[in-house]
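Peer 1: Chain order of the listed sequences is E and G. Position 132 (the first sequence) corresponds to 131 in numbering that gives the first Met the number 0; numbering is contiguous. Position 305 (the second sequence) corresponds to 304 in numbering that gives the first Met the number 0; numbering is contiguous.
Derived by calculation from the structure, the hints in this document are not laboratory data. The structure presented is a predicted model; accordingly, all values stated were derived computationally and were not measured. A couple of the hints might just be wrong.
One side of the interface only, derived from the structure: several residues of chain G facing chain E at Cβ under 7 Å [to be verified]:
{"id": "1", "residue": "Val86"}
{"id": "2", "residue": "Gln91"}
{"id": "3", "residue": "Arg119"}
{"id": "4", "residue": "Val122"}
For glycine and all other residues, C-beta sits at the position ideal for the given N, C-alpha and C.
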Amino acid sequence: MTRGDTVIEVQGLRNSFGKQIVHEDLSLEVKRGEIFGVVGGSGTGKSVLMRSIIGLQTPDEGEISVFGESMIGRDDEEAKHVRRRWGVLFQGGALFSTLTVAENIQVPIKEFYPGLDRELLDEIAAYKTTMSGLSTDAAAKYPSELSGGMRKRAGIARALALDPELLFLDEPTAGLDPIGAAAFDQLILELRDALGLTVFLITHDLDTLYAICDRVAVLADKRVVAVGTIPELLALDHEWIQDYFKGPRGRAAAAISEREEAEA
Amino acid sequence: MSVTADFSRDVEDGRCILRFSGNLTILRVRKLSEQLKEVDAEHLIVDLSDVERLDTVGAWLVHKLERDRGATIVGATEDQQLLIDHVTQADQPVKVKRDYEMPLLRVVGEVGVAANIAMRTIVGLLGFFGALLISTGHIARHPRRFRLNAIAQQFEVVGVRALFIVGLMSFLVGIVIAQQGAVQLRQFGAEIYTINLIGRSSVKELGVLMTAIMVAGRSGSAFAAQLGSMKLSEEVDAMRTIGVSPMEALVFPRVLATVILMPLLGFYAAILSIIGGGIFCWISLDIPPVTFIQRIREVVPMTDLWQALIKAPVFGMIIAMAGCFQGMQVEGNAEEVGLRTTAAVVQGIFLVIVLDAFFAVFFTEIGWL
C-alpha cells in the first residue's frame, strides 16, 4: 500500500446514549501516512468517535472500515488480524499497573506472536522503550513509579509494540508541561517518519495541531463540520472554528508556528 | 507477494552473503533468529534488496548482525535504512529486569515493613483520637460550630437506613441460635433452656457484636471511601484554606452519629433476635409466646442490658474512628481509596472483637455474670 490510500473510512455514523445523540450522520476519511487531528468542544464526542472506530463502542448506525475492512458487527476473533495492525494510546496511558513497563510492552507481542524467546522479547522491549524517549532505567519500573509524561511515553511504547501501521492517540499531550508536550509532538513526528505511521490524534492542544497535524477534522453539531489543513479551516466562516483558532490561545499558537517556519 | 522472509547463503570473495527476501517482520522473526544463530561466519554481507517489508523487529535483527557480527548492509531502500538507523539509535543498555531480591530477605523485609505500618497506625489512631477530643472541646466551647444538619444526615445514613438489614440479620441469627441450641439441649431433655440461651446471648453479646460488624461494613467503609475521595479531589484542603476544620465538619458528625446510634441499633438488634428465637420456639418447640416472654424476663438480668449499652458506644467510636482515620490517610491515587476502605473495615472489626474480649473479662470480674 502506498501513501494516499484510505486507511479509516467512517460513513453516516450515529451514536447515542439514551436520548442524548452524540453523532448523527458523521463521516470522515483518514489517508495513509498522515497525522489526522480531531478537535471539538468538550462533549462533542471525540473520544466516542475513537472508541467507535476501534470497536469499543457499537454505533447505532453507520459504516466504519479500517484498512478497507468493515469493522461493524465483527466479533473479537475475526477482528484480531485488523487489531494487530493498530496501536492505541488512551488518555491516562492505561498501562497495566501490576506489570513493569517492559512487561507491558511484551503483552501484545506475547498475545499475537507466542513462542518468541525471552531474550528477543527483552531486546524488543528495550529498544521500544528507548525509541519512545524513555530513560534506560524506566523499563524495569512499575507504572506507579513513573511521572505522567513518562507514563504516556510508556503507553506509546506499548501501542507501538506490534509495529502498527495506524496509531490512535487520545489527548497525548494533556496534562504534560509545555516542554514535555513539545517533546512529545516531536516524538510523534519522528515515529511517523521512521515507521511510516498513520496517526489518528484527538487533541485540545493548539500547539500540537499547528506543529504536527497534516489535516484536522472539526467536530461540532454532532458531525464533522469541516476537514482540512489549518489554513483551509481558517478560511472557513464557521463560528466555532473562528472562535477556536482566532481566540487568544489560537493566535498565540499560530504566531509560534509562523515564527518557527520563518526560522526554518 | 511472499509471506515468509527467507535468506540464502552465498560465498563471494571469501565473504558470506546473506540475501533476505520477502517480509522481514515480527511474523517470521522467531524462525529466522534461530536459523541465523546457525550462521557462524564473520564479516557477513547482508543484502536487503529483495526485502518487501521491514518492520522494527526485522530492523533489529539486521542491526544485531551488524553490531555482533560486523555485517555490512547493502541494498536497503532509503526508508529501510532510516528504520535501521532509528533502531540503531535506540540500542542502548536498558535495564529490563528488576533487581533480584533473595526471597528470604524479602520476607524479612516485608515483616519489618508490616510491623512498622502497624505501629504507625496505632500511634496515628491515638493521635487522631486526641485531635477528635480537641475539636470536641472546641465545639463544646463554641456551640455555634455544632453542625446539627450534618449530624442529622449521618443519623439517617448510619441508623435509619441500616434498620432493615440489621433487623433482618438479627432476626435470622436469633432463629439459628434457637435451632442449634434446641438440637443440643434436647439431648439432655433441657429444651426449655433454649430460652435462656437466646435471651442472654442476644442481649449481652450478639445484638451489639453483630450490629457492630454490620455498621463497620456499611458505615465504616463508607466513611473511609467518602473522606478518601474528598481528600483526593482536594476538598479537604479547600476546607482547611477556607478556615473550616475537617475534624469538626467531617469527622465529628460521623463519630457522634455512630456513637449515639450504636446502642440504639444494638438494642433493636437484640430485640429482633429474641423475636426470631421466640418464633422458632413457638413453631418448633411449642412454647407459647406468653411463656417465652415471661421466662426471658426471669432469666435475663438487667446487668446484661447494661453491658450491651456500655459496650455499644465504645464500639461505635472505634468503627467510626477507624473509618475516618483511614479515609484521611488517603494520598495519591484512587487505588488507595480502595485499600484504605478495606483497612478501615478490617481494623474496625478486629478492634471491636479484641475489646469485646476485654469487656467480657472485665464484666465477669466485677460480678456481672
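Peer 1: Now, for every hint given, state plainly whether the structure supports it.
Peer 2: Evaluated hints:
1. Here the hint on G/Val86 is kept, as its CB sits about 6 Å from the closest CB of chain E, short of 7 Å.
2. This hint holds: G/Gln91 has a C-beta 5 Å from the nearest C-beta of chain E, less than the 7 Å allowed.
3. Contact between G/Arg119 and chain E, as hinted, is not supported at the beta carbon level, the nearest pair being about 21 Å apart and thus beyond 7 Å.
4. For G/Val122, the suggested interface contact is broken, since its CB lies about 26 Å from the closest CB of chain E, more than 7 Å.
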